[in-house]
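K.L.:
With these hints in hand, go ahead and build the complete structure from the sequences.
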Amino acid sequence: MNTTNPETDSTATPKILVLGATGPTGRHIVTQAVQRGYDVTALVRSPEKAADMQDVRLVVSDARDETALRQAVKGRDAVISALGTPASPVREVTFLSTATRALFSAMKAEQVSRFVALTGIGAGDSAGHGGFLFDKLIFPLLLRKVYADKNRQETIIRDSGLDWTIVRPSILNNKPGGIAIRTLTDLTDFHGGTIAREDVARFVVDQITSDTWLRKSPLITW
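According to my numbering, the sequence shown is numbered sequentially starting from 1.
Keep in mind that the hints are not guaranteed to be accurate.
What the hints assert, rightly or not - Straight-line Cα separation of at most 16 Å, EDC-like style, residue types lysine to aspartate or glutamate; simulated pairs:
(1) K15 <-> D39
(2) K15 <-> D206
(3) K108 <-> D163
Keep in mind the hints are simulated off the structure, nothing from the lab.
P.N.:
Shown next, in the form of structure tokens:
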């Protein structure tokens, strides 16, 4: 496996690959990683959307292209996936699970083991904890098929044998960050919640140099 371990080697500069880098949360992830001095590669479908990114190596491709993924992941210490997909009330969704399978084939071929994925409240055992509006209206009418694929994605991650962390944010907003993050695994009394994309990005990037949530699926919220 890739022997560089940024957590134990304080002199190492983490080398990361970010998928979904031009999305609204992915941009915050890239910005924060660059600000921390990380060596960042971003796999993007549209280079025009990434034209404003500074100090980032771009690999232009579809996230389901295993050949391009191998090129992008080669020499990296970790991969962050902030991939998303639009609401799809009728059409089946397979993008997230297909891309994750292709990525894991590439990671294993290039001996990269650390993986952090951003999914969302409503995935896995966080289903039913999004609050009335999300659980009763938005989820069943707009996101049911998207979340079916998120669940497939999470199953692939758990079965991968990699050093994974799944991060499930509560409802995302675009407010300024800097608010203390609550990290939950017991959702018994939790319903609803919101969190800034900026704070989600901070938590996600933190996982690159921490094993606190290794092979766990915390829900994060304000």
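K.L.:
Please flag the earlier hints that this structure goes against, numbers listed from lowest up.
P.N.:
Of the numbered hints, all hold.
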